[in-house]
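Visitor: Protein chains in written order, with the numbering used here: chain C, 1 to 367; chain Z, 368 to 508.
The set of hints was computed from the structure by calculation and includes no laboratory data. Hints are not guaranteed to be accurate.
[Stated by the list, open to error] List time: in silico BS3-like cross-link candidates among lysine-lysine, alpha-carbon distance up to 30 Å:
#: 1; chain 1: C; residue 1: Lys269; chain 2: C; residue 2: Lys210
#: 2; chain 1: Z; residue 1: Lys491; chain 2: C; residue 2: Lys165
#: 3; chain 1: Z; residue 1: Lys491; chain 2: C; residue 2: Lys250
[What the hints assert, rightly or not] Going by beta-carbon spacing under 8 Å, a handful of chain Z positions derived as facing chain C:
#: 4; residue: Ala388
#: 5; residue: Arg437
#: 6; residue: Ala441
#: 7; residue: Val468
We put the beta carbon where it would ideally sit given N, CA and C, even for glycine.
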Amino acid sequence: MGIYHKFALAKKGMSTIFGGLFFIILILMGFNLMLWGFIQYDNYNTTTFKMSQNDQLASSENLVPTNPGAQNFTSTSFIIPVNNLGGTTVSIARIYITNISPTGGTQCTSTGASAGPCIVDSGAGSQNCAGNGNCYLTNGNIGAGEINHLIHVNGLAISDGSGYKVILSSTRGRLFSFFYPWPVSSQNNGGGSGTFVTNIGPLSVYFDFKSFNFTQGFQTQSQSAFCVPSGTTILVWVKIVNAATDSDVKLEASTMLEGMPYSANGFGKFVRTWIVDPGSVNPGNIVAYNFNTNPYDLPAAGPNGPGAPVIVKFGGSGQGGTGGVSFGQNDNWLTFIGFYYIYRGQAQGETIPFMDLKDTSGYPGSC
Amino acid sequence: MANLTMLVIVVSLSSLLFVWAVSSFGAYQGGAGYWFSSRSVANQERVSLENVFFTGSCGSCNNIVKIYVRNVGAVPVTIASVYVNASLYQVTPQIITVGNVTGVPPSGLSLAGGQVWAHNDIQKITVATTRGTVVTTTWVS
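Chain Z with its partners taken away, still in its complex shape (with noise of 0.2 Å):
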């Protein structure tokens, strides 16, 4: 009866350790896991800010802002976001695939708020992907 009783316990508790065991094992796996691809896949994304062009929608407006992306890593980007000295513009997320280069967005960048740029200026120009890559290049007007 001792035997038995001791046997019915140490199944029970192992069980209990057995699930336990399992249920963390996976829940580590799965947030490393994660955490692995999506680094991964992040740290092979390289963005190249080949050109920016200053133009304007009439002749002296002076209010549009082309910009030239390049996708030089080895995952397909997706640009979410472009600052223009620190303005956030969000613009439709455009995906570049490996090699290739797109304007950001296609038709240039209107700047917002009566804003425009100036002759001989400095520039901020920042592109930020989905996956948090964020390069920043200066350009002059």
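In isolation and in its complexed conformation, chain C is listed as follows (with noise of 0.2 Å):
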């Protein structure tokens, strides 16, 4: 007699065979759908890890493009000069150029050939953007750490005068913008001109022998101030420009400058002193700052560059005060600004060092 016979007429626990054999597959059941969930999440969470890796890399892209925005113009191209100070490589997709300021020409405005935007694309390019075939871009892979990357852009040039809006558009969606012309204006090391300037918040501070003047007694034409003459009363002249372009600057009563001789020892040797009325021209008409009625108002910059400088006189003995300023140790002199002035609504505020002068009392024999 078989096994299975002998089992089949035993007719003991047949129902604990059949529970159990369906406890197992209910057990496998289960086992099934928990390895279906793993994979499933495992998958989930596969994608969103790549997804991730794409966006660090995304935010790792860092393309600052660099003055002068635009070179090397021919009368249909262009190079945009950009650095690479990000961790990968940045591939540019597109470059959309607007001219926001149209008064050398309407190409990329609405009435001009490309009714809207340039569209520069790469490869052979997707628009007739100015009216000289399609615009596109060449080199506009930008490896990791590379300087001075140049991007070369044919089709148009914005040379023109206008003003543009230049948008950089990488294929993991980063914008890099400039505006040109560049809204500061490159400046040299001089070169003959004698212009040296510091950026520092909005403002650009002039350092050079034509910006930082004073007058003494009631003198109309002001001279560099590196130099002055020992205990006379002088009036200060700084010259600065406002180079954002989404505020203008207004300087608050308490903007002042304060010097160190080079000898101090202990308080009681500095010398500080406050802005003045704009219409002070030396120590013999100075009038005190009032920044309700006539204050230091730095218009914004445009987009050629900055507005109009605007020569900001020191001179007051005290916040809103007049009676000019006097350098009286025969030595040379740190100076510090504190700018203190409203931008967009808010006020703001920055110290920076500045010029070294000196006061003698051979002026200006011996300067």
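Take the two lone chains, each set in its own frame, and fit them into one complex as the hints suggest.
Guide: Structural data, given as structure tokens:
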């Protein structure tokens, strides 16, 4: 008799066996469901991780267009110099050029050939943006750490005097933009014109013998203030411009200049002077500064660069005061300026290390 | 007889349990599978608002906004709606394949209700896809 036959005739424990079989089947189904869940979750996590990696790569893109923004113009092409300061290669997919100040022409406006922004694509291009054939870019892959990489733009030139906003769009979806002409004019190392400038916040402060001046007595012509007569009351002139494009800058009455002689030993030798009315010309006609009626109001920069420079006069004996300032140590002076101003409707301020000037009793012979 | 009765009871109850388990597991798999697949696909959407151009239907109308959207994700996206400063604009669903860019809508968005944009104002532009991805950017008109 076979084992199966014996088992079938035993009539004992059949229900236990059947119940056990069902139980095992259910357990296996449960395991199967768990396994399926794990696989699904693993796939989901893999996708999330992959996209997260892409996001991190996009975040690490840091392309910095450099002054002057666009260069090497021909009638239908130019070059955009950029630095890749990020951690990954950047590929430029498209460049949008919008004429925001159509003073030199109407290209890249709604009335130009592009009927909208000029669109410069990689490859053969997709838009005849300026009537010179399709606009396209080459050399649009910038390696990590590459400095002064040159992106070639063909089909248009933006050197017609209009103001342009240029947006470089990367294949990962990042945007890098600049304005042309570059908002702050390129400053050389003097080059005979004697212009040096330092930028702080929205302000550009000029550091040169033409921009740092003084008057004494009733002078109407200012002169370089790097050397001043010792013990003489003077009015200090400093040239600044507003490089910000989004707001004017109004100097508050607390803006001041402080000087400390090299030989200073303890307090009491510092010289401090506050801004005075813009109409003040010399110590003889100093008018106290009034923020409400006649403030230093530096206009916002436009697409062609900062507005006209403003000469800020320092000669107040206190905030809102007059009287001029005097340096009387026969020494060199470390100077600092504390700018306090209203920018975009909010108070803001910076202190900058300023000129090194000298006062001498033998002025001007011993300068 | 008792054995047979127990057998019938066990088999019937087990069958009921089996049917319940199959339907429950199936329902769970259906729901979870849908969630995983839909979220997984939605997670792969990335949209970049590359440029917004403010123009008008006439010289000084200032009533058209051209929005350029690029798909920088891993799956095609369908643009379902556009908001300009919280005003909803239903646009014809527009599919953007991976890596491509298009104007949404291609001819530009006409501001409704006599609205116009003003120079140097901040404009908040929001684009939403059918899978729920929302991208908001601000531009100066």
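Visitor: Evaluate each hint against the coordinates.
Guide: Structure-based check of all given hints:
For the given pair, C/Lys269 sits about 28 Å from C/Lys210 by alpha-carbon distance, which is consistent with the 30 Å threshold. A C-alpha spacing of about 19 Å is found between Z/Lys491 and C/Lys165, which places the hinted pair at or below 30 Å, so the restraint holds. The hinted pair formed by Z/Lys491 and C/Lys250 meets the criterion: a straight-line CA distance of about 28 Å does not exceed 30 Å. Interface restraint check for Z/Ala388: the shortest CB-CB distance to chain C comes to about 5 Å, inside 8 Å, so the restraint holds.
The restraint placing Z/Arg437 at the interface with chain C holds, with a minimum CB-CB distance near 6 Å, inside the 8 Å limit. Hint status for Z/Ala441 relative to chain C: holds, with the closest Cβ pair at about 7 Å, below 8 Å. The criterion of a C-beta within 8 Å of any C-beta in chain C is met by Z/Val468, whose closest approach is roughly 6 Å, and the hint holds.
In this structure, none of the earlier numbered hints is contradicted; all agree with it.
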